[in-house]
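Take the sequence shown: its position 60, counting from 1, is numbered 60 in our numbering, and each next residue is one higher.
Since the hints were made in silico from the structure, they are not lab data.
Don't take every hint at face value.
Said to hold, decoys possible - Label pairs and their computed distance ranges (CB to CB):
no. : residue 1 : residue 2 : range
1   : Pro-16    : Lys-132   : 18 to 28 Å
2   : Asn-164   : His-140   : 28 to 38 Å
3   : Lys-139   : Pro-16    : 47 to 57 Å
4   : Thr-38    : Lys-132   : 36 to 46 Å
Heads up, the beta-carbon is just placed ideally off N, CA and C, and yes, glycines get one too.
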Amino acid sequence: MARIPYFTAQDAKTDPNKLALLGKEPQMNIFKIVTHATYPIARKFITLPASVLINGKVDPILREMAIVRVGILCHSEYEVHQHLKVSRWVGMPEEKIAALTVGSTATVFSEVECLVLRFTEEMVQYYKVSDKTFNALSKHFSHEELVELSIAVGCYMMISIFLNTFEVDIEDQPLIP
Numbered sequence: 001m002a003r004i005p006y007f008t009a010q011d012a013k014t015d016p017n018k019l020a021l022l023g024k025e026p027q028m029n030i031f032k033i034v035t036h037a038t039y040p041i042a043r044k045f046i047t048l049p050a051s052v053l054i055n056g057k058v059d060p061i062l063r064e065m066a067i068v069r070v071g072i073l074c075h076s077e078y079e080v081h082q083h084l085k086v087s088r089w090v091g092m093p094e095e096k097i098a099a100l101t102v103g104s105t106a107t108v109f110s111e112v113e114c115l116v117l118r119f120t121e122e123m124v125q126y127y128k129v130s131d132k133t134f135n136a137l138s139k140h141f142s143h144e145e146l147v148e149l150s151i152a153v154g155c156y157m158m159i160s161i162f163l164n165t166f167e168v169d170i171e172d173q174p175l176i177p
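Work out the full structure, taking the sequences as your base and the hints as a guide.
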């Protein structure tokens, strides 16, 4: 059970901006918690990950590998649950999904996939990527992709910590097919 009550449309009835953030029901529980924040903060919290998912240049399968690995390393059951669905939706093979619990040392991953996972693991564990990993991934990724991957990893670290802090529940009804 979440540590604070989920924000509802009834709670937002005097604030049209917050009501717009909630959108139509059903809504993800993470949004029902973040909407307790002031509108400008809540809106930015919601729009940054949406932008990472929709507007990025990083291949969606590589992006989802990084996001799921962040969730695993941060012990965020909610994040892993939601992004395993997204991983399947973007076409990640099941054997690679299963290997995400092992990470960059799993033999099922290509060189680039291993590098993306190592980059992610180093960011989460050491808050910085080693020169060796950075330089190796730089041979495959543009500057734009390197920056976007870093933003994605950092963003989903923040989200995972937020989810864990508020003990956000996985929704009873699936919201992502």
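Quick rundown of the hints versus the structure:
no., hint, in the structure
1, Pro-16 with Lys-132: 18 to 28 Å, "51 Å, violated"
2, Asn-164 with His-140: 28 to 38 Å, "32 Å, holds"
3, Lys-139 with Pro-16: 47 to 57 Å, "49 Å, holds"
4, Thr-38 with Lys-132: 36 to 46 Å, "42 Å, holds"
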